[in-house]
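Need the complex rebuilt from these two chains, each delivered in its own frame; the hints are there to steer you.
Going down the list, the sequences are from chains A and B.
First residue of the first sequence? That's 1 in the working numbering, and the numbers climb one at a time after it.
First residue of the second sequence? That's 1 in the working numbering, and the numbers climb one at a time after it.
For the record, the hints were derived by calculation from the structure and aren't laboratory data.
One or more hints might be untrue.
Said to hold, decoys possible - A short, non-exhaustive set of chain B residues, derived as facing chain A with CB atoms under 8 Å:
#	residue
1	I209
2	A249
3	F259
4	F263
5	S281
Even for Gly, the Cβ is constructed at its ideal location relative to N, Cα and C.
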Amino acid sequence: MSTHSVAANEGKIWDGGNEPFGASYGKLMMWFFLLSDAFTFTALLLGYGALRFSALNWADPDVVFQSAPGIESGAPLVFVGIMTFILIMSSVTMVLAVEAGHRNSKSEVVKWMIWTVIGGAMFLGCQAWEWTHLFSEGASITKNPFAPELVPYIEKFVAQGMSHHEATLKAVNEIPHNYEFTSLFFTITGFHGFHVLSGVVINIIITINAMAGTYQRRGHYEMIEKVGLYWHFVDLVWVFVFTFFYLV
Amino acid sequence: MAHAATAHHDHHAGHGHDDHGHHHETFLSKYVFSMDHKMIAKQFLITGILMAFIGMLMSVIFRIQLGWPEGTYPWMETLLGKWGKGGKLSPEFYMGLVTIHGTIMVFFVLTAGLSGTFSNLLIPLQLGARDMASPFINMLSYWLFFVSTVLMLGSVFVETGPASGGWTVYPPLSALPQAMSGSGLGMTLWLLSMTIFIASSLMGSLNYIATILNMRTVGMKMTRMPLTIWAFLCTAILGVLSFPVLLSAAVLLTFDRLFHTSFYLNEIYIAGAPLAQTGGSAILYQHLFWFLGHPEVYIILMPALGLTSEVIATNARKPIFGYRAMIGSLLGISVLSFIVWGHHMFMTGMNPFLGNVFMILTLVIAVPSAVKTFNYLATLWKGSIHMTPAMLFAIGLVSMFISGGLTGIWLGNAALDINLHDTYFVVAHFHLVMGAASIFGMLAGVYHWFPRMFGRVMNARLGYLHFWLTLASAYMVFFPMHFIGMDGVPRRYYSFTEFEYMAPWLDLNKFISISAILGSVAQFVFLYNFFNSIFRGEKSGQNPWKANTLEWTAPMDVRLHGNWPGDIPHVYRWPYDYSVPGAVDDFIPQNVSDDELPEAARSVNREQTLAAEAANQEKKEETSTLAFSSLFSKLGFRKG
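If we strip away everything but chain B, and leave its shape as in the complex, we get (with noise of 0.2 Å):
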C-alpha cells in the first residue's frame, strides 16, 4: 500500500519536491552542500572510510616499528622525510602516530562515520519523515566535520609533528610545549580541530532527538521504533550530555597552553627549574575528560549494536528477542555510563572506597551488556539464519562484544587495574570491545543498507572474503595481546627491546603486526567492493532483504528529497513481525495494517498472542516462587 502512491498532493510534504520538478538543482547543491539527510549520511560515510583508512595505516607503519624494531625501510623515509631518517621510523612520530590514530578511530571514524553515517540515513526513513527537523544544521554539522578533518590531518604535516600525548592527551604532557616536540602547534590544531568536531556533533544529536521526538509518522510510537533509532536516541543523548565536558575540559586546556594559565599544572621542574605556571591539578582534566571519555565509548558502540540488532532480526527472519528488554538496556547502559568513568582513573591515587564505588558501578554494566548478548543469541537460536555479509559482520559484532566484554570485568576491578593499567592488556581489551565491535556493526550497517544508499548490492563473494580475512585478523592480533599485557609491558612503548623483561614477547610481536597487516590489505577487497559496487552492482530492488522497516518503501531508483512521493506511509505494527504464522510472507512491514493481511494470519497471530501471554504469566509466576524457594533455601530457611 505504500509502494502504491497516492496521486495527492502532500500537504505536510514541506520540503518534498523531486529531481524532475521545477526546483532546479546545480551539482553544489546537490552533491556538496546538501541538505537532503540521505546525501550528508553519504558523505559523513565516504569521509568516515577515509579516515578509517589513514587511520588503519598509521596503525600499519607503528606496527611495522614494533614488529621489526631493528629493522630499516627505504620507503619509510620518503614516506616520512625527516620522521623516517634511514629508514627508521622515529620515536616521536611513533608516538604522534599512536595519538592521531587513536584519535581519528575514536572520533572520526566510529563517532562521526559511524553515528552520522546511519543516523543520518536511517532517522528519517525509518520513521517516516521527509528530512531531518533542520536540514540546514544537519548540513552545517557535516561540513564542521569535515572542517575538524583537515585540521586533523593538517596537524600531522607542522613541522613539529602532531600531537603525541596519546589519544587522551593528558596535561602536562599536552599542556607544555617544551614536554615534547608533538606538544607545539601539532598539539594546538588537535585542541582546535576537536572544538569543531564537538560543535559538529552538537549538532548533529540536536537534529537527530528533535526528529525523533517529533518528526514520527502516525502509528510510530516510540515501542514501534526500530531498535536502530533507539540506539541513535541513546547516542544523541549521551552526547549531548558529555561532549561540552570534553568542550570544557579543552577550553581550559588551550588557556593552558596559549595563556600561560595553570588549570592543569603544578609543581613542575624543567631542567631543575621550577615552572612559574602552579597551583592547578591534572587529575582534574582526567576527570572532566572521562566524563565525555567514557559515554564515549558507548557513543560508538551504541549505533553498532542498534544496526546489529536490525541486521539479525531480519536476516533470521525472526522477531528480535525481548524488544523491551533490548530498549531497556540501551536506557541502561546511557544512564550507566555517565557515572562509571571513575574507572579510568583508578591508579590516579583515588580514595579506595570512591574507587570501590565506581568498580561496583562499573560491573553493573555487565547486566545491561549481557541482555544484549543474550537476546542476540536468542534471535538467533532456532532462526532461518541468511548468511548475508552484512548477518556475518552482525555476528561478528556479537562475537567480538563477548571476547572483549569478558575482559572489562577484569579491568573494571580496581585491584587487578593495579597490574594491568596503561598494559597491552587495556589496548586487547578496547580494541576488541569498542574498536572491533563498532567496526564490525558499522560494517554490518554498510552492507546491509548500501542497497538503500546507492539502490545497488554489494557482491556478496567479497564480503565473504573481506568478513572471514577481517576477523581472523582482529582476533590474530588482539588475543595475544592480553598475554602480553598480563606480563606487564606498558602501551605506547616504542620498542621491546629496551627492557630485558619484554625481549620474549619480539617474536609474538611480529606475529601481531603480520596479522594487522593481513587485515589492512583485506579492508582494500572492502574498498574495492565499495566502489565498485556504486558503479557496477548488481541493482537491487525495492527491498533486498524482505525486511520489515520503512525505509524499504521508499523509491530506490529515483533521488528524492522528502523520500516519498506521495503520502508518508503510516504504521500499524512494530518492525519485527518476521515468519509470523498464517501469513503470505515471512515477513510484514510495518506499514502493513491488520485489514491486508490474509484472515487466517490474523487470527493465529491473537491466538498466538494470548497464548503467549498465558504461558508468560504462567511461567513468571512459576519462576518466582522458584527464585524465592531456592533464595531462602541457600539462606538456611526451610519450608514448614
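The following block holds chain A by itself, in its conformation from the complex (with noise of 0.2 Å):
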C-alpha cells in the first residue's frame, strides 16, 4: 500500500490524516467542552433575564454589596471589585503559565501555575466571606432580606425597639416577600463557585504533575494549556455573572 503516493492530502488540511484546526484532539474537546458550558451559562443567566423582567421590584445591588471585611456598610462594590481582580490577575499568571511552558521551562510553570492556585483560592476565599456575610443579613436561597416590600415592616419593628438587625431577621422570616434576587444570585455565583473550585482542584494536579516532570518528559506543555483554556472561559463567566448581578 505504500506504493500509493497519492495519497492526495499533501498541504490539505481537510483532507484526512491531519488537525485540521491546528488542534490536538483533546484541545479540540476542551473547546467543545467549553462550548457547552457557555449554554449551560447562558441559559441560568437567560432565566435571570426572564425572572428579573417579570418581577415586580429588584434589589438595590449598591445596597446589597456594600460592606468588605472590617467595614460594615459605606463600601458599595469594593470588596467585589478586588474579587474580580483576583481573579482577573489569575488568569494572567495563567497566561504566564503557558507562555512559560511553550518554552519548556519547568520551574516557571510551576511557579505561574502556583500563583494562579493562589488567586483561585483567593478568589473562593472571598466568595466564602460574602456568602457568609450574606447569611449573617438574614439572606438565604429562600430569604432575602433587601426586598424593598420588606422596608415597611423593618421600620416598623425598629419603631418597637428592636435593633435594626433584629429587625430585618424578624422581618425576612415573618413576612412573605419575593426572594428570586437570593435564589438566583446564590444558585448562579454558586454554580460559578463550583467552576472555580473544580478548576483550582484542575489546577493543583497539573502543577503536582508538572514538579514531577510529566509533561517535561512528554516533551510539551499542552495540558497547560488545555487547563489554561479552562481557567480563562471561568474568568469570562465571571465577568458575565458580575454585570448581572453587581452591575445592572
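Right, dumping it as C-alpha cells:
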C-alpha cells in the first residue's frame, strides 16, 4: 500500500490524516466542552433575565454589596471589585504559565501555576466571606432581606425598639416576600464558584504533574494550555455574572 | 490492498495491539471497563436493548389498562403489588408508567442506545482510526450512562412511585412533592439520573466530534465520509449545544424541589392556602426544556437517517442520490432544530406573532426532510435491490418518516394546534416520526452491522418475520390514534370511560392494545435472533454485504483493539462507488485506488463523470430559465 503516493492530502488540511484546526483532539474537546458549558451558563442567565423582568422590584446591588471585611457598610462594590481583580490576575498568571510552557521551562510553569492556584483559592475565600456575610444579614436561597417590600415592616419593628439587624431577621422570617434575587444570586454564583473550585482542583493536579516532570518528559506543556482554556473561560463567565448581579 | 496487512511496524498505532500480544487483558478490562470502542458499542447496544424491552413492557401494561379499563388481572397484583391492587392498575402508577416509558425510550434507548452504539462502533472504523480520540472518556461515558439507567430503573421501586408528570416533567407538578405521589423521591431520582445522563452524553459527543475532525485517515476528506458519520457529527454537535440547557433546567427544578426556591412556581394555591413559593415562571421551564427537547428529536432521528443512507445505498447497489444534498439537509435540519422549540408551546399564551415565527420556521424543516426522503426514493429507483432484513427496516424508516412527517405539517400549524395539542394526534405523530422511524433505523443498523460486531450474520428468515410483524403492528397501533386525537381525546388519560364523548373510541382502543401486544411479542423474535446469532449464527466472512466503507476492511475474526493489524488503509474515493460501469465487481471499496482498477473502469468512470457533469449543467440552465419563465408568467408578465 505504501506504493501509492497519491495520498492526496499533502498540504490539504481537511483531507484526512491531519488536524484541521491545528489543534490536538484534547484541545478540540476542551473547546467543545467550553461551548457546551457556555450554553449552561447562558440558560441560567437567561432564566435570570426572564425572572428579573417579570419581578415587580429588585434589590439594589449598591445596598446589598456594600460591605467588606472590617467595613460594615458604605463601600458599595469595593469587595467584589477586589474579588474580580484577583480572579483576572489569576488569568494573567495562567497566561504566563502557558507562555513558560511554550519555552519548556519547568520551574517557571510551576511558579506561575502556583500563583494561579493561589489566585483561584483567594477568589473562593472571598466568595465564602461574602456568602457568610449575606447569611449573617438574614439572606439565604429562600430569604431576601433586601426585598423592598420588607422595608416598612423593618421600620415598624425598629420603631418597636428592635435593633435594625433584629428587625431585618424578624421581617425576613415572618413576612412573605419576593426572594428571586437571592435564589438566583446563590444558585448562579454558586454554580460559578463550583466551576472555580473544580478549576482550582484541576490546576493543583496539573501543577503536581508539572512538578513531577510529567510534561517535561512528554516534551510539551499542552496540558497547561488546556487547563488554561478552562480557567480563562471561568473568568469570562464571571464577567457576565458580575455584570448581571452587581452592576445592573 | 488493505487486507494485505503489511508487516511494517505501525508507528501511529498509539494503542494498537492484538490480544495475543504481550499485553494481558483480564475479564474486567476486556468486557467490563473496556476502552475499546467496539466493546463500548456493544455495551451501549445491549443496555439499550434491555431498556427498550423494559420500556416496551411498560407500554403493554398501560395499553392493557386503556384497552380493557374494566378488566381485572390477578397477575397485575403479583407483578405490581400495591400499584395493582385487586388486579387493577392504579391511576398513579399508570401515570408513572407513561412517564418512565417516555423517558426510557427517548433518552435511554433512542439517544444513548442508538447514537451510543453506532457512533462508537462506526466512527473509528469508518474513518480509519485506531479508536476514539479519548478511549478513557469514552469508557466513562458508558459507565455514567449505566449509573443513570440504574437510578432511573431504581426510581420505579421507591415507595411513592416513579416520576409521573409525563416525560417532560413540567412544573409545578414535578416541582411540588405534595402535587402527586410521583413527585416525591421518584422525581428527585429522575432528575439525578438525567443529570448523570447529560454528563455521559456530553462525554460521548465531545469524543465523537474530536474523532471525526481529527482522526480521519489519509484521504478521508469530509466529503468522502459516509453519510452515517455526517449524521453522527451533526447529532453530536446538537447534543453538545442542547443538553447543557436541560442541565440548567434540571438544576433549577432540583432547587425548587429541595431548597424551596421558586424559579418555576408562581401563585399556587393548595387546598385554598397560598403556597409560599411565588414569583417564578412555569413557562421558563418549558422554554429551557424544549430548547433541548426539540433538538433532541433530531438527536434521535439523525443517526437513524445516517444508518439508513448507508444501508439503502449498499443494498440498492447504487450510489446514494444527492450525497451533498444529503449533507446539506443534515446541516439544515441541525440549524433549524434550534429555532423551532416554540412549536411545543403554542398553547402557553405565546404572542401570536411569535407563534407565527415558530410556525414558519417549523414548516421550513419540511424542506430538508423532503430532500432526504426523495433522495432515499431516488436511490432505490432502478436499483438492484437486495432485500436483506436491514434493507427492509431501512425502507420501513422511510415509510414511517413520510407518514409521521406529514402529520408534523399539521401540528406545526399554530392554529390547528389549538385543536390537536396534547391529544392522541400528537402521540401518533411523534411515535411514527421519531419513535418507530428511529427504532426502524436502529434495527436496520443492528441487522446490517451485526457481522461487524459479532462476526456472524443474524438469521434472515427470523428477520423477515420480525420486520413484517413490526411494520404491521406499528401502523396498526399508531395510525388509528390520529382519529382519536382529531376527536379531541387528550393523551395521558387513565381511562376512556369517564367522559361520554370518549366512549365511541373504546373499541378502537382494544384494537390498538391488541396490536401493541402483537408488536411486543414480535420483538421477542428479534431478541431470540440477536442472542442466538451471537453464539450460533452463520459466520459472516469479511464483507458480507459487499459494502465500500472501511469498517469491512478491518479483520473480523480477531478482536483487535486498534482495528487494523498493520497500517491504516488510505482512502481514495467516496463510499458510494456501487455498480461503476467497467469495474470487475459492483462495488469499489474506499481504500481501492484508481491504479488498482481495470483500465476500462477508470476510463469509463472518467468519461461518465464528464458526461454527467455536462448533462447536469445543461439541465441546470434549462430548468433555471424554465423556472423563471413560469414564475414570470404566473406573476402576469408576458414575454416580449
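A quick look at each hint next to the structure:
no., hint, in the structure
1, I209, "holds, 5 Å"
2, A249, "holds, 7 Å"
3, F259, "holds, 5 Å"
4, F263, "holds, 7 Å"
5, S281, "holds, 6 Å"
Every hint, counting from the list given before, is met by this structure.
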